[in-house]
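Engineer: Sequence:
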Amino acid sequence: MRRVGIALTALWPLVGCGTVSMVSGQALVETSFTVEKSSLVRVCDSYNENAQSAQWVAPTAGLFDLARTLVDGEPGKVHPQNAYLDELFLLSDEPAVLLKQIVSDIEQARSGLEIVTEEAEATVWSATLVGEGLRAEMMSFETVLITAQKSRKTFLSSSHTLVGLAAPSRLGMAEFESALAAFDAAIENARNTADLLASAYAAPPAEPGRTS
Numbered sequence: 002m003r004r005v006g007i008a009l010t011a012l013w014p015l016v017g018c019g020t021v022s023m024v025s026g027q028a029l030v031e032t033s034f035t036v037e038k039s040s041l042v043r044v045c046d047s048y049n050e051n052a053q054s055a056q057w058v059a060p061t062a063g064l065f066d067l068a069r070t071l072v073d074g075e076p077g078k079v080h081p082q083n084a085y086l087d088e089l090f091l092l093s094d095e096p097a098v099l100l101k102q103i104v105s106d107i108e109q110a111r112s113g114l115e116i117v118t119e120e121a122e123a124t125v126w127s128a129t130l131v132g133e134g135l136r137a138e139m140m141s142f143e144t145v146l147i148t149a150q151k152s153r154k155t156f157l158s159s160s161h162t163l164v165g166l167a168a169p170s171r172l173g174m175a176e177f178e179s180a181l182a183a184f185d186a187a188i189e190n191a192r193n194t195a196d197l198l199a200s201a202y203a204a205p206p207a208e209p210g211r212t213s
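Be aware that the sequence shown starts at 2, since it is given in this note's numbering, and climbs by one per residue.
Rather than coming from a laboratory, the hints here were simulated on the basis of the structure. Even glycine gets a Cβ: it sits at the ideal position worked out from N, Cα and C.
Restraint ranges, calculated between C-beta atoms of paired labels, are given here:
#1 Gly173 / Ala204: 44 to 50 Å
#2 Ala203 / Lys38: 19 to 25 Å
#3 Asp87 / Ala168: 22 to 28 Å
#4 Glu108 / Leu166: 18 to 24 Å
#5 Ser54 / Ala186: 20 to 26 Å
#6 Ser40 / Leu91: 34 to 40 Å
#7 Ala203 / Ser93: 47 to 53 Å
#8 Ser170 / Asp46: 37 to 43 Å
#9 Ser170 / Ser93: 15 to 21 Å
#10 Ser179 / Glu37: 38 to 44 Å
#11 Leu166 / Asp196: 36 to 42 Å
#12 Ser40 / Gly165: 42 to 48 Å
#13 Ser179 / Ser40: 30 to 36 Å
#14 Asp196 / Phe90: 37 to 43 Å
Below are the SDA-like pairs computed for lysine to any residue, each with C-alpha atoms no more than 25 Å apart in a straight line:
#15 Lys101 / Leu86
#16 Lys151 / Gln102
#17 Lys151 / Asp196
Just need the whole structure built from these sequences, with the hints factored in.
Structural biologist: So this is what it looks like as structure tokens:
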């Protein structure tokens with residue numbers, strides 16, 4: 002079985018040296034045609050693509066599906082935990098072994114999210130992009146936040162299935178709960194960073210010749 006995690010080596014070369022989207026679906030489509038992607042947009046794309054490849058989330062049906070998710074919440078689509086579990090059961094039929102794999106995937110999802118969040122924070126504090134210049138960055142980071150939240154649902158649902166197959170005492174649930182708590186903290190930090198990006202996007206442009 003081919004496991005496709007969020008490898009740090011896939012994200013680091015791209016890094017430069019629960020908010021509601023403030024941009025319409027039309028703006029998202031327009032943003033997609035930007036010729037040159039920033040470092041933040043590239044690491045966001047990498048995170049989302051790896052999560053889809055690993056079956057943590059289902060692929061989006063296109064830009065308008067993604068815009069709907071940002072504006073209205075998750076669209077009515079079957080969650081991919083069954084596809085993820087199918088992949089897991091190719092590894093072993095021992096629930097404890099499978100839970101360890103889930104823990105490993107959670108840790109990879111968390112570490113990847115932390116890298117993307119650090120890049121988003123650097124984008125905000127560098128102040129090289131403001132207002133409309135942040136549109137692509139804000140939208141891309143919001144998709145990463147959604148991907149992380151959907152991945153968490155997949156991991157949690159899959160763990161519930163394993164608990165139904167074996168006694169929790171045999172599974173080593175403490176390690177799973179610790180990994181999930183760390184992922185939750187990373188998601189919360191990413192949510193706060195998304196708020197910063199949204200505020201920077203909404204900020205009025207500075208008047209020429211004036212400094213704050």
